[in-house]
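Protein chains in written order, with this note's numbering: chain A, 1 to 241; chain B, 1001 to 1098.
Where hints are given, some of them may not hold.
Straight-line C-alpha distance at most 20 Å; calculated DMTMM-like pairs for lysine to aspartate or glutamate [stated by the list, open to error]:
| hint | chain 1 | residue 1 | chain 2 | residue 2 |
| --- | --- | --- | --- | --- |
| 1 | A | Lys162 | A | Glu12 |
| 2 | A | Lys162 | A | Asp173 |
| 3 | A | Lys133 | B | Glu1037 |
| 4 | A | Lys189 | B | Glu1037 |
| 5 | A | Lys162 | A | Asp42 |
| 6 | A | Lys189 | A | Glu129 |
| 7 | A | Lys127 | B | Glu1037 |
| 8 | A | Lys127 | A | Glu12 |
| 9 | A | Lys133 | A | Asp42 |
These are calculated hints, taken from the structure and not from any lab test.
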Amino acid sequence: MTTESIALRSSESSFWQGVRLGLPVVVASAPFAILFGALAVDNGFTVTEAVLMSALIYGGASQMVGIELFGQNIAPWLVVASIFAVNFRHVLYSASIGRRLAHWPLWQQAVGYFVLTDPQFAEAERKAESGGKVGFAWYMGMGLAIYVCWVIESGLGAMFGKLIPDTHALGIDFLLPIYFLGLVMSFRKRPLWLPVVLVSGVVSVIAYKTIGSPWHVSVGAVAGIVLGALFVPGNGKDALK
Amino acid sequence: MSTILWITLWGAALTYLTRIGGHLVLSRFETVHPRVEAALNAVPAAVLTTLVAPALLTAGPAEFIALVVTAVVSLRYGMLALFLAGAATLILLRQVIG
């Protein structure tokens, strides 16, 4: 076997490993994609417009906010500003994950950052933490699985949204908090994990009650990150281990 | 151009900006200060926590127990197992206690 075909085969298997990691995300986000499509049509979108928004913005919460505000006849630039506010947390993901993707060619980085969602970021960080190299094939296996399903399901929701059964009994409204809690737990070996979780949690709840959503995300996150910066474990060496 | 298309294109451009922005700013520096490094290492727990915490405010017994089950299962098993355990607990409890 030539080295080239070995390399190809190994990137093929990392691709499928990535797809496998995307599966729980596909299950957890499917109801939201369908719901988004249904609500978009309810708020005056065509099926094509709903699919286009999912394909180009690719950020669940911000899309929900977008269609909700559009439906309320709010000035378009304010709708755009709200989408930006909801997605602002990605700046932090991007700053953090940049260290793991820096070895990719530029076009791969440009594509990679496009699919940088919450679970994508968390899994890539976990991979880097466990000593693995974050490869493009692996990363895109996960990213494409989630992306393709997200776009298709938005379209299905837009076309057949009226048929959705009792979403409360199916637990749909609470699947994402369960998934995100799992992700939070998966970082528990990092230095200062518990203090960071407690501070971010308390501050975000206070901000949620006072300033309101979506700013509780940025405010709570910054509080936890400042705490992390104040206490550099082991003089900053081996901070990743 | 329709208003919806306008919103979608601007929303998409600004969202992409947030996804590359942090990296673009940080990559201008040649070395990363240990404090910045420590701050970045706190990013996953800090941001992901804020996505869960407000849900606790509205959680009833079914939701709360589902989160506890999720946390306990996460101590031993991977993402798929803990997600399915948490979701199953939630759906089951909602059938029983609503």
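Given the hinted pair lysine 189 (chain A) and glutamate 129 (chain A), is their Cα-Cα distance within 20 Å? Judged against 20 Å, a Cα distance of about 10 Å means the pair holds.
CA of lysine 127 (chain A) to CA of glutamate 12 (chain A), is that 20 Å or under? Given pair lysine 127 (chain A), glutamate 12 (chain A) holds - Cα atoms ~17 Å apart, limit 20 Å.
Straight-line Cα separation of lysine 162 (chain A) and glutamate 12 (chain A) no greater than 20 Å? It is violated: about 39 Å lies between the C-alpha atoms, which goes past 20 Å.
Between lysine 189 (chain A) and glutamate 1037 (chain B), is the straight-line Cα distance small enough, at 20 Å or below? holds (16 Å)
Hinted pair lysine 127 (chain A) and glutamate 1037 (chain B), Cα distance within 20 Å: holds (17 Å)
Agreement of lysine 133 (chain A) and aspartate 42 (chain A) with the hint, judged by alpha carbon distance not exceeding 20 Å: Violated. Lysine 133 (chain A) to aspartate 42 (chain A) sits at ~44 Å, over the 20 Å cutoff.
Lysine 162 (chain A) paired with aspartate 173 (chain A) [C-alpha distance capped at 20 Å]: Since the Cα atoms of lysine 162 (chain A) and aspartate 173 (chain A) sit roughly 17 Å apart, the hinted pair holds (cutoff 20 Å).
Is the hinted pair lysine 133 (chain A) and glutamate 1037 (chain B) satisfied, with a Cα-Cα distance of at most 20 Å? Roughly 18 Å separates the two Cα atoms, so the pair holds.
20 Å Cα cutoff - pair lysine 162 (chain A), aspartate 42 (chain A): holds (9 Å)
In summary, the structure is inconsistent with hints 1 and 9 from the numbered list given earlier, while agreeing with the others.
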